[in-house]
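Peer 1: Heads up, the sequence shown is in the numbering used here, so the first residue is 5 and it goes up one at a time.
No wet-lab data here; the hints were simulated from the structure.
Note that the Cβ used here is the ideal one computed from N, Cα and C, for glycine as well.
Careful, some of the hints might be misleading.
Claimed, not checked - Quick list of in silico lysine to any residue cross-link-like pairs, SDA-like style, CA-CA up to 20 Å:
id	residue 1	residue 2
1	Lys17	Asp33
2	Lys17	Pro53
3	Lys47	Asp72
Unchecked claim - Cβ pair distances, simulated, as ranges:
id	residue 1	residue 2	range
4	Asn172	Arg16	16 to 22 Å
5	Gly50	Ala99	49 to 55 Å
6	Ala194	Ile108	15 to 21 Å
7	Glu64	Ser111	44 to 50 Å
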Amino acid sequence: MTETPLGSRTERKERTRRAILDAALELSDETSLVALSLRQVAKEVGIVPTGFYRHFDSIESLGLALVDESFASLRAMLRDVRQIDPTSTGLTPFAAIVDRSVSILVSHVHQQRQHFLFIARERAAGPPAVREAIRHEIELCERELATDLARLPVTEPWSSEDLRTLSNLIVVSMVATAEAILLAAGRPEAERLVAEQARTQLRMVLIGALRWRSSPSS
Numbered sequence: 005m006t007e008t009p010l011g012s013r014t015e016r017k018e019r020t021r022r023a024i025l026d027a028a029l030e031l032s033d034e035t036s037l038v039a040l041s042l043r044q045v046a047k048e049v050g051i052v053p054t055g056f057y058r059h060f061d062s063i064e065s066l067g068l069a070l071v072d073e074s075f076a077s078l079r080a081m082l083r084d085v086r087q088i089d090p091t092s093t094g095l096t097p098f099a100a101i102v103d104r105s106v107s108i109l110v111s112h113v114h115q116q117r118q119h120f121l122f123i124a125r126e127r128a129a130g131p132p133a134v135r136e137a138i139r140h141e142i143e144l145c146e147r148e149l150a151t152d153l154a155r156l157p158v159t160e161p162w163s164s165e166d167l168r169t170l171s172n173l174i175v176v177s178m179v180a181t182a183e184a185i186l187l188a189a190g191r192p193e194a195e196r197l198v199a200e201q202a203r204t205q206l207r208m209v210l211i212g213a214l215r216w217r218s219s220p221s222s
């Protein structure tokens with residue numbers, strides 16, 4: 005069966021878009037997007053600069069696509085690992101979530117190392133729109149976690165503000181852990197210590213959380 009011209013064009017366009025995303029990740033290994041030009045990306049892919057605009061409006065829009073790509077699979081994986089019996093009480097089920105979440109995070113950082121390097125760098129030094137997109141994605145992670153926490157009996161009397169505070173503590177710890185794992189690259193023992201410290205920190209947070217009671221004014 006002969007491939008239709010439309011189909012082949014669509015496939016070529018998708019391959020080129022993928023090549024642009026991959027080239028941007030590689031080129032931004034040592035620098036932020038603010039120092040990257042679309043001409044550099046186009047040259048790396050082997051297309052003319054005007055060809056870049058068939059896929060992205062600017063380097064900034066390319067960065068936004070990378071942010072979406074970087075967070076999508078991580079959020080899905082963390083949603084799965086948080087699924088526990090909603091009637092569970094005590095520290096044990098929460099400790100299991102912590103251990104599994106940290107293990108998932110370590111594995112995901114290894115599998116998507118370039119994406120995590122991109123997020124770690126652009127979170128502080130990227131274009132304003134990209135920094136805001138990263139902040140928004142982290143906030144979405146916090147909201148999703150707060151929603152899951154609200155389903156547990158122990159948090160039933162908690163205020164929404166306290167749920168968001170706890171989810172913020174957990175997500176901020178996970179972000180810091182991912183960045184520490186990146187810094188420990190090639191040093192297995194250092195990485196093991198990072199993961200162990202993350203587990204300990206999160207367990208300590210949860211021990212305190214299980215004893216927390218929202219004040220009437222919260």
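Peer 1: Confirm or reject each hint.
Peer 2: Hint by hint, here is what the structure shows:
Restraint check: the Cα-Cα separation between lysine 17 and aspartate 33 comes to about 25 Å, which exceeds 20 Å; the hinted pair is violated. For the hint pairing lysine 17 with proline 53, the CA-to-CA distance comes to about 15 Å; that is within 20 Å, so the pair holds. Between the alpha carbons of lysine 47 and aspartate 72 the distance comes to roughly 24 Å, so the proposed pair goes past 20 Å and is violated. Our hint of 16 to 22 Å for asparagine 172 and arginine 16 is violated, since their Cβ atoms are close to 44 Å apart.
For the pair glycine 50 and alanine 99, the beta carbons lie near 51 Å from each other, so the given range of 49 to 55 Å is met. Checked against the given bound of 15 to 21 Å, the beta carbons of alanine 194 and isoleucine 108, roughly 20 Å apart, stay inside it. The supplied range of 44 to 50 Å is broken by glutamate 64 and serine 111, whose beta-carbon atoms lie about 31 Å from each other.
Going down the numbered hints, you'll see the structure goes against 1, 3, 4, 7, while the others check out.
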